[in-house]
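Chemist: Be aware that the sequence shown starts at 320, since it is given in this note's numbering, and climbs by one per residue.
Just so you know, not all the hints are guaranteed correct.
Just the calculated beta-carbon pair ranges, DEER-fashion [claimed, not checked]:
(1) L480 <-> R505: 35 to 45 Å
(2) L485 <-> G758: 19 to 29 Å
(3) P627 <-> G758: 46 to 56 Å
Rather than coming from a laboratory, the hints here were simulated on the basis of the structure.
From the three backbone atoms N, C-alpha and C, an ideal C-beta is built for every residue, glycine too.
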Amino acid sequence: MSPDTSGHQLFISTLPPTAAERRLAVTVVVASCAIFLLSVPFAKVPLTPFPVFVAIYQSILVVSDLITAVLLFGNASILRSRPLMILASGYLFTGVMAIAHMLTFPGLFAPAGLLGAGPQSTAWLYMFWHAGFPLAVMAYFRLDGATTQRPPWQAILACVLLVLALAAGLVLLTNENASALPSIMRGSHYTGVMIFVVGSVWGLIFAAAAWSWRRRRRSVLDLWMMVVMFAWLFDVALSAVLNAGRFDVGFYLGRLSGLLASVVVLIVLLNHTLTLYSELAATATALELSNQELDAFAYAVSHDLRAPLRAMDGFSQALVEDYGPTLAEEARQFIDEIIGASRKMAELIDAILTLSRTTRSEVACEPVDISAMAGRLLAGLARTEPQRSVTTEVEPGLVVMGDPRMLETAMTNLLGNAWKYGGNTSFLEIRVYSERRDGQRWICIADNGAGFDMKHAARLFRPFQRLHRQDEFPGTGIGLATVQRVIRRHGGEIEARGEPGRGATFCFTLPMTA
């Protein structure tokens, strides 16, 4: 089943920015631009070499980028969003490359740097690092709205392995095979080749920044990615284009601009998460109070409705017993209708209370043998109608983690429906089995009964929505709604497949299996 999109507006990647957020973002960009312009005349002024600055700056950078990557991967797994997977991979790439850059930086941990670094290693790693991220940002914009059908953990694992392999390959290229790359550093100063290399990298960043600026439909995340790309423009311009080499004014100010770019999205993500949690906490409190009121209301209604129904049923029975012989046939039929309607209303009240209890009660997880449960329930159904020709098949070993009472309610409804809607079938077959899809185990209940038209499938799990007439197959219209709520209370999914006259299959999956 496709993921529910009703709650997607909760996410920073889909939530539209407010006017205040847009003004703040533009203000940050304008202020960064002003600081950049004021710094340009002083970019080549040499300052005292302070290698520890690189360690402090890049340590903060690594932590910030890796946390941002984790948060974005979390959002991507919920939304199954390919663009978010790519953007999260971009942040992971920057974090890993920042580590490699720091370890190879000359004079920081060793005179020539670690990892077998040569005189060109650190500069080339910086170029690859700052070329990779804008490419990820442009891919994020290009794939806007695309989703992945793969299980999220598989997609995330593939992204992480690909990023680590790419970073390892670039480290080997710049360290072990440095002779394959042209020289862009001469001591602490740049060579002529550096102008072409850094110009290409700066052009990629400019393209990403321009793309982000021109986007018409922006989310909060898109807005702040625009701020990030402009900060990266100023970072690379000051620290690699307009300056003379390491440890001048441009070198220090450019890296501080890059640090701003690194933490801005993390701050927005954390702020949005805290705001969301506070709103959810308030909603949960209000929902708990509402549930308590509904609980009291449901039981009050149940008590108040049952008394007149019992009176209707009792007096109708008394009429039949005491005055039955003297009543006209039509009057007897009217009384039978009253008795049937009162009993139908009692069943409906019971079903509504069951649905209400399913929504509110706590889920107590323990191993539940679905195979044994299905066998017991099917045997009970067979005893109620021993004259019917029914073949049942239950796959052994279907054990899940869940609430036994709730899951028995769900299985009772599913198997009861299979039994009921096969009433017009001369030879009913009911199967309980499992199937594997996308790394998940689905438990299925299939029959060859009346079935249903798939164009009406959305109505199946709505309370009081029935696809068959009452005189064909009696029921309350609440059973499948109850089943869906049981499965959702367990964090699982349920889906239905059917064809008129050829049966129906209901499959559910739970997040934990025993």
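Chemist: Mind checking the hinted window 35 to 45 Å against the Cβ distance between L480 and R505?
Modeler: Roughly 37 Å apart at Cβ, these two residues keep to the hinted range, so it holds.
Chemist: Could you say whether the range 46 to 56 Å given as a hint is met by the Cβ separation of P627 and G758?
Modeler: holds (53 Å)
Chemist: Should the hint that L485 and G758 are 19 to 29 Å apart at their CB atoms be regarded as holding?
Modeler: holds (25 Å)
Of the numbered hints given earlier, the model fails none.
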